[in-house]
Amino acid sequence: MLRLPRLRYLRPSSAREAASLAAEQGELAMLVAGGTDLFPNLKRRQFEPEVLVQVPRLPGIRRDDGHFALGATVTLAQAAADPGLRAALPGFAQAAGLVSSPPLRNAGTIGGNLCVDTRCNYYNQSFEWRKSIGFCLKKDGDICLVAPGSPRCWAVSSSDTAPVALVLGATVELAGPDSSRVIPAAALYRDDGIEYLAKQPHEVLTAINLPVEEGVRTAYVKLRRRGSIDFPIAGAAVALKLDGDLVVSCRIALTAVASHPLEVPAAGEFLSGKRLDQESITAAAELAAKPAKPLDNTDLTHFWRKKMVRVVVEQALAAAAAQSV
Amino acid sequence: MTADLGSIGRSFAKLDGSAKVRGQAIYADDIALPRMLHCRILRAQAPHARILSVDTSAARRIPGVVAVLTGRDLPIRFGILPVSQDEAALEEHKVRYVGDPVAAVAAVDEETAAAACEAIKVEYQLLEPVMTIDEALREAADEPIQEAFSKRADNIHRMVSYEFGDLAAGFAAADLVREDVFFFQGNTHLPMEQHSAVATYVDDRLTLWSSTQVVHYVHRALSRVLELPMSRIRVIGAAHGGGFGGKTDPFAHEIVVARLAMLTGRPVKCTLTREEVFYAHRGRHPTLMWYRTGVRRDGRITAMHLRTALDGGAYGSYGAASVFYTGTLQTVTYDIPAYKFEGVRVYTNKPPCGPKRGHGTPQGRFGIELHLEKIAHELGIDPVELKRRNFVKPFSRAVNWLRVTSCGLEECTAKVLEASGYAARPRTVGHGMGFAISSYMSGAGTAIYWNDMPHSEVQIKVDRTGATLYCGAMDIGQGSDMVLAQVAAEELGLEPRDIRLVTADTDLTPVDLGSYSSRVTFMAGNAALEAARKMRSLIVTAVAEKMGVADLEEIDVGGGRIGEFSFEEACVIATTKLGALSTTGSYKPPRIGGPFKGSGVGPSPAYSYSAAVVEVEADARTGLVTVLKVWIAHDIGRSINPLLVTGQVEGGVYMGLGEALMEEQEFRKGLHKWPSMLEYKSPTFLDTPPIETILVETIDPEGPYGAKEAGQGPLLPVIPAVNAAVFDALGVWVDETPITPEKVLRALQAKAKGNPPRHGPKGFPAVPYPDPIRVEPPRADDLRVGAELEAAFAQAPQD
Amino acid sequence: MPSGLDRDVQKAVVRLRLNGEEVELLLPVHKTLLEVLREDLALTGTKHGCELGECGTCTVLIDGSPQLSCLVLPLQVEGRAITTIEGMAAGAVDHPLQAAFTELAAAQCGYCTPGILLAAKSLLDSSPSPTRQEIQEALAGNLCRCTGYAKILEAVELAAARMATA
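Taken in order, these protein sequences are the chains called A, B and C. According to the numbering used here, numbering within the first sequence proceeds without interruption in unit steps and concludes at 325. According to the numbering used here, numbering within the second sequence proceeds without interruption in unit steps and concludes at 799. According to the numbering used here, numbering within the third sequence proceeds without interruption in unit steps and concludes at 166.
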């Protein structure tokens, strides 16, 4: 049986205290919420913390004026099932409901999915396997096995909820030992397979605020091999505001095609002011797919995934357009 | 006399059903014994390398480590086939794939054992890895993978070459000769339960509980490697968490825990991690195939030439048989008047391949079904019609001497076409249906190690406490214990749950060759039938005497009564008269194979038949294929337990769909690309379509009550039927498995460019096949078997 | 050392509410619930297939919802109601799902069965007459290699029907 390494496990009573404990322990510590991403990675020795600091249970789902506030420890299942969220921001609820599998969503959290470790099939392997292949840049090695000529790590951002957060213009709250700050969700991410989060390691993501704008339709389309369990191999989130069939505004973001959730402003801007029809959808999807750079490090071939980016964008646009508001 | 069948043909729940739904079934990993140690195995981290040194000193110093083994401690090699004794429990001099076992540790807990494995230092001298069939056919760069077993400079393991009938004449008579190449990708069983074994050594006797499909083969391997007489070894099949062929070899961990238990005097357990299960493997051989077939204008086959090349991985396993199976069963579905078959199996630096559900035949079935589809399209004949015109006839003998008895091929076809509405299917782009057939053995006609003994032995004991049946076969979830209970109950006039079953325990049960090869219902069932009939006769005789009835036929057996007595009373009467009551039954298949070397692979006392229709949606833009529904008709001979038979059929269809659409093993930089349940794609609830099963009964003359197999055959037609359905939907062929969306798009691209509308292998490599063994075909109506057949061989001139 | 064997083991007294009983144990904090159930409590009805959250085999119920015991620390579920397969029957009387699985041979090798039964129980507790699609979605995290899922779906439907009329 695969087991966790020996760890100390701390249970602070507040997010501040968690940040403080994590800061004290420095590199020895990692934060854990639902554990569905971290525990497998620990069992495979992809991280080697000596201390786990539990993110304490945070407030649930609140509808305030103009936005939803979700405590970061809201489970993916709760978010997917929440009637208010499903009605107002169906794209976000769908994304949460498409993460992995039902039992995993009962433990996995929104905060965890926003911070999910970047993935690569040279990296998400046991210690013995990685040792056999000579380790990679992301852990214990000195080259990227996907792109050996590259100085960087190309592990793939694989969050389902992050691209929706981006297109909604969401903000996230980060708690430090002494203070908290609010940043745009987009500012949480860096285009690097290793240092993929812009927050301090000890900072606790405590909440995500999702603006609800009158008339905005949201959709998320996920591509994966099976109907469950799998991470996205391409995904598109759309926030679309229409006036009749004219596009007032549109934001599009992709997942699983880069080391960060990738907003593609050019595609959204292109649609702005245009009639939303098959032609404009196709053209926007073409633009959206351009910056996507799938590599040979997830399921199926990158040749095919690159082609599919356009398809998921089109499907997401069509799904958003079909929503009643 | 039993007028109607009582227990046979009725659906009974499995005997262990309640234990399994309550979490009470004890699987090997559930066993915890006092003072038990935990074992982990250090495995090779290079695909091909000489071991220069193994330093275990640091591992031995870790507190809690009790024993460390290396190859030096277990030097005797073993293997499932007598011709392939090429495995070591722990390799001493050389490793042949990433995952090859090198050293083992027993410690007070698994954490310590794993840490000790990490502390073992192995110094390797790397050798050039061989990862493909093409590379394996070339002269080895450093040395052959199986250096001690290779007489050649390349990595060819085994070649076979046969010509049955007059091939040249057959091709000369053809109006069309067509060639096609296909590739069947490797895949694995992925049982939900990871292999596990627990050993104890008490009173100079070794006991091993294991999640194995064949306690007898584990028994043999333990005796050989540990140099202990079999009488001092007991192997018990623990509750079984899924096999599909993957637990039919003896495995390193079984031998290692046994040696460790002997060494430490404590119980030792080893449960493989999921990654190690991928390395234990013995799954589907990746197989390249080349078909050349001649047909007349009406679609009748005149000759067929098949070449196969199997990527065997690093060890022999069942491979010497697997290579035959890719070619041998084609003739029991289609009437092929002249047939040449050449096969080669190569070694590569990958986990060893072996028998997975269908053992070698899904590859050949995939190829022949698609090949005939293409021929039909070329001739302008409906593929179903072309196939039907070539169906073998019941009670006939094939060109390669395989004997067909009951055969419901035509009935299965008719039923599945009708149920699916195949002929009237909507012909819209993106929607399609595909049809395919298959056949499989009800147990292999020849034992894997040469002997003239029965393949199945059963004992029945009856006393004042009731009836008990003893059999070495292992219920691996398919419900074979219930089938044996039904057979005994039928003969003794009881309900199946009145029969106690003792199975898969080498101390208690007579030898059975195990739960693989679809053999238990047929072979152990026949043995049980014989033992039960003998027992019935003993009891009826005693009862008749007591009742003063002369004609035994007048004694009714059934409903828990024998004559005018309850079963218990009858047992007392019989025991009083005869003393202890015990009967035996055995089953040995007759000799069926023809008068040539290698004729032992393929014969079976009876073949099951299946026909399937698969309905798909295929998207030309994305290449995504969705299976909407599967209809399958299966000739089961007689359905002893329809509930369990449909369970086997549905499971087989499911596994076939997985192989058709997503399951594959790929290797990269010498390593398994994705040894995990996340990345090895096994279909979920949401990926599995409705399956409609139709059971066809042909009452086989030799099966118990006419029964044949169900565990493997139904997987076979599903895979080519998916590909045929994709062609029906999009007009392109994917000539390999699995059908990934990219392959569909590549085929569409080829079509758009005016190239042949296909994606698949480009050609077949040059293989130095030997000159074929030329075999004179039998007469199609020559159904002789056994002594009669052998007498005929003795008289006939042989080349 | 990657094994972390050079580190001290932190132990904690953990109180679990397990199948309606209170259990108190002194445990290394890094042992998962799966390991504790099987190794410390001898509740071997909870099986395991990957220990990475990829197969669903080790599913247990936490406050009635299915979770993967291989990805849960006992300290994380202190005070919450844990149900394992051993807690599903009412004494000698099978839960209707267990009875239906037995009758329809929905358990072949039976290794995925405990996890699937618990996930199905959770579904029926919150949604007594689910559609087939809803059953498939609820059980989509639990892999089975034997049955092709057909008899499992039939058994869940049979149990739901019986529970509705009970």
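I should point out that these hints are in silico values taken from the structure, not numbers from a laboratory. There may be inaccurate statements among the hints.
[What the hints assert, rightly or not] Simulated pairs of lysine-lysine, DSS-like, Cα-Cα distance not exceeding 25 Å:
1. B:121 / A:306
2. B:121 / A:307
3. B:751 / A:306
4. B:669 / A:139
5. A:131 / B:753
6. A:290 / A:306
7. A:274 / A:290
8. B:121 / A:139
9. A:307 / B:753
10. A:131 / B:151
11. B:669 / A:306
12. B:534 / B:461
13. A:139 / B:753
14. B:669 / A:293
15. A:307 / B:461
16. A:131 / B:415
17. B:673 / A:306
Predicted model, so just to flag it, every value in this text is computed and none were measured.
Okay, the hints, checked on the actual structure:
no., hint, in the structure
1, B:121 / A:306, "43 Å, violated"
2, B:121 / A:307, "46 Å, violated"
3, B:751 / A:306, "21 Å, holds"
4, B:669 / A:139, "18 Å, holds"
5, A:131 / B:753, "45 Å, violated"
6, A:290 / A:306, "9 Å, holds"
7, A:274 / A:290, "20 Å, holds"
8, B:121 / A:139, "21 Å, holds"
9, A:307 / B:753, "19 Å, holds"
10, A:131 / B:151, "34 Å, violated"
11, B:669 / A:306, "24 Å, holds"
12, B:534 / B:461, "11 Å, holds"
13, A:139 / B:753, "45 Å, violated"
14, B:669 / A:293, "23 Å, holds"
15, A:307 / B:461, "67 Å, violated"
16, A:131 / B:415, "55 Å, violated"
17, B:673 / A:306, "21 Å, holds"
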